[in-house]
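First to last, the protein sequences are chains A and B. Residue numbers for the first sequence follow our numbering, so the first one is 2 and each next one is one higher. Residue numbers for the second sequence follow our numbering, so the first one is 2 and each next one is one higher.
Any given hint could be a false lead.
Here are the simulated lysine to any residue pairs, SDA-like style, with alpha carbons at most 20 Å apart [as the list claims (entries may be wrong)]:
(1) B:Lys231 with A:His346
(2) A:Lys231 with B:Arg307
(3) B:Lys231 with B:Pro345
So these bits of chain A aren't anywhere near chain B, every CB distance computed over 12 Å [what the hints assert, rightly or not]:
(4) Pro4
(5) Gly27
(6) Arg79
(7) Glu80
(8) Gly102
(9) Glu114
(10) Val134
(11) Met141
(12) Arg161
(13) Ser185
(14) Thr260
(15) Glu306
(16) Ala378
(17) Glu407
Keep in mind that the hints were calculated from the coordinates and are not lab data. In this text the structure is predicted, and so the values were computed from the model without any measurement. Glycine included, C-beta positions come from ideal geometry on N, C-alpha and C.
The residues making up each chain are set out below.
Number of protein chains: 2
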Amino acid sequence: MSPFFTSRWVTPPGQVTQLGEDGDAGLPAGFRAAGVPARIKPSGAPDVALIACDSLAVSSHAMFTRSGTQSAPVLVCRERCELHRIAAVVVNSGNANAATGGPGYDDALRMQELAATATGVHPSRVAVASTGVIGVPLPMERVTSGIAAAGRVLAADGDRTFSDAIRTTDAFEKRARVQVTLPSGTVTVTAQAKGAGMISPGFATLLCFVQTDAAMSAQTCELLLSVCVKRSFDRISVDGQLSTSDTVILQASGASGVTVAPESEDELRLGEAIDAVMRQLALLVVADGEGARRTGRVVVHGGEERIVARVARSVANSPLVKAALYGGDPNWGRIVQAVGAAMPHVAPLALDVSIEGVQVCSAGAFVPHDEPALAAAVAGDEVQYEIGLPGEGAEAEVYFSDLGHEYVTINAEYTT
Amino acid sequence: MSPFFTSRWVTPPGQVTQLGEDGDAGLPAGFRAAGVPARIKPSGAPDVALIACDSLAVSSHAMFTRSGTQSAPVLVCRERCELHRIAAVVVNSGNANAATGGPGYDDALRMQELAATATGVHPSRVAVASTGVIGVPLPMERVTSGIAAAGRVLAADGDRTFSDAIRTTDAFEKRARVQVTLPSGTVTVTAQAKGAGMISPGFATLLCFVQTDAAMSAQTCELLLSVCVKRSFDRISVDGQLSTSDTVILQASGASGVTVAPESEDELRLGEAIDAVMRQLALLVVADGEGARRTGRVVVHGGEERIVARVARSVANSPLVKAALYGGDPNWGRIVQAVGAAMPHVAPLALDVSIEGVQVCSAGAFVPHDEPALAAAVAGDEVQYEIGLPGEGAEAEVYFSDLGHEYVTINAEYTT
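Next up, chain A with everything else stripped away, as it sits in the complex:
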């Protein structure tokens, strides 16, 4: 069986067991899904996706991009959707429905209504998401027939086609299926994500949909999702860009009959499971992209939460650090530069830097080290940078992709 948990930075907890082989499909009890081609994408690949929960007891939570130019579907979700009890989600790829003004908003509302009809729920219980090119009106005839077609083929093992239909430039599928053994019983968690690291011409939009058959309140959904997003998708840097369309939704059908009560051991264990799934999915997003060679992890220790977070982000977003990672070059001067940029007016700074466990800088000054050994250590798939700032008690980590030729090629030559 090819394992889902491939990163050394994610250790699935003991209560988590991967379900089936790679490529197997199957949603938790209570869910059906489908993805179909509707000719929104010129390639003819699947581009309309639908997921529906058949349980009246479904609870949910949703989180969105902070962008000031949110897409129409994000606005519709925020303004016209009961986010604590989302029964169905409709998604299209190939067009972001962003910067489309009032007509775009109406199109997103229409998608919500069509999906409500296709799944038999009230429109206010349908979430909408779109990903793709910005500033182009949705081809509503195609979207309309796509939603109807998807509604006709909803299936308990529709997570595979659903996952296909939400992809844009993703080089590989990002889909998880795990069983979680809780004190009160066994539940299933599945998730489908899209996001293609640095090379997405339509921006590195992130979509992630998580389903479970556990029974829990919307408040519990909110707690688990917000904690897990903070530890996963909020900790990745692709190109430091913020999409108009990022959407993450957790739905709990309750169909397993296993109740996850607030502040229970069940809640803790389920949280750990969802955390591991979402962290691995986030790392797959970082690792994706034609020609992306390496994934970096920067961990910053110091005395102030705000500062360590800013420094970690500065290092992870630095094109100089990213290009060095791509080249397998242990160019630690770039780390020093990125740290200094994030901490104005504090020089001299007693900064420590280690790369893959090799200390290269101590109290702001270089440390003689075994250069060939370090060069060999940064040639792997995953490279870890540790930064020590004055003080202690605070820590931040960010995962990031490298900056390679393919990013330039695709993003320079993509035509709107």
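With chain A's structure known, arrange chain B on it following the hints.
Coordinates of chain B only, in the frame set by chain A:
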């Protein structure tokens, strides 16, 4: 005569006349300079530079990077130098003397002493600057003999060799010589800059040295330099990275006998001249770099100073916008995305976007436009983006370079 003022975005005022042909040299009265090879650079190119003012009445001002990991020479300038009356400046290229700790600080102090001896002034009146690789100790024997050698060949037309010796990966020289007609008489302004846009392996460190034979107080130097830096080097984005070593120094010898009094017409006219010179130098820094094809200018209008500045910076730093500029692609969706990223939680945003005068987005929604005409307009050397946010009265502009293959090649394959 090949003109210095080549950008359509800089109009030299009437009182400014370029001196001599491209390649001609000559400093304002009272200054001598030199640049020599000292084998700090493996290439054998000039790498130690010295400039000296022979007038006891010299006044000056200096500005430095805000980085929290400032290089040793920046720390020495800030802590051990009388910045209002700098008589001499010593510079080396090929090594930044950054992240070198206490020994690096001592090396920078030693450079200050050596240059003081070579020019016959007190060490506290010598500024020090270094640019190049980070985290490697300075080869002090070579630096020592280099400073002595430069001291022996100081010359009134030494600005050309000085300029050569401060370069690192700069593809072309950035040097200005102008005459300025003031109400009280005629003065000369010269300047030498280095900074190689996005592709500098040693980071896009910026050094700029400006000399004039006008007579003015240190307070006037401070006023003129800080205003001009704000309108030039503070308004460029190379890769959004902040160097450990940025240094800008203005020195006024007074040797012309033309006094520039505070709040006088002379001060205004001289300020306009230095402004034009520094803006053009800043644009040359942006345009430099192997393979840098195009320079962008983003102008943001709106109601709040803080917001328009942040949005302009976000657009100029966006790798997606930069890659589109490189590809000659009018991908205005990327502008919308970068604006949204800089203005969280304000959606929907009534945003206007024009590229080269063609409006593509109005009140947040796309505007049908002549796409072939727009594509032709963004194929030139300089591309202008105008962004309208709600409100009025505030404006910010940033100049930026594109993101091309050579950036990746050089920054990925550079070995420390």
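Structure-based check of each hint:
no.: 1; hint: B:Lys231 with A:His346; in the structure: 18 Å, holds
no.: 2; hint: A:Lys231 with B:Arg307; in the structure: 28 Å, violated
no.: 3; hint: B:Lys231 with B:Pro345; in the structure: 26 Å, violated
no.: 4; hint: Pro4; in the structure: 30 Å, holds
no.: 5; hint: Gly27; in the structure: 36 Å, holds
no.: 6; hint: Arg79; in the structure: 8 Å, violated
no.: 7; hint: Glu80; in the structure: 10 Å, violated
no.: 8; hint: Gly102; in the structure: 3 Å, violated
no.: 9; hint: Glu114; in the structure: 20 Å, holds
no.: 10; hint: Val134; in the structure: 7 Å, violated
no.: 11; hint: Met141; in the structure: 16 Å, holds
no.: 12; hint: Arg161; in the structure: 30 Å, holds
no.: 13; hint: Ser185; in the structure: 38 Å, holds
no.: 14; hint: Thr260; in the structure: 35 Å, holds
no.: 15; hint: Glu306; in the structure: 17 Å, holds
no.: 16; hint: Ala378; in the structure: 14 Å, holds
no.: 17; hint: Glu407; in the structure: 9 Å, violated
In the structure shown, a violation is registered for the earlier hints numbered 2, 3, 6, 7, 8, 10, 17, in ascending order.
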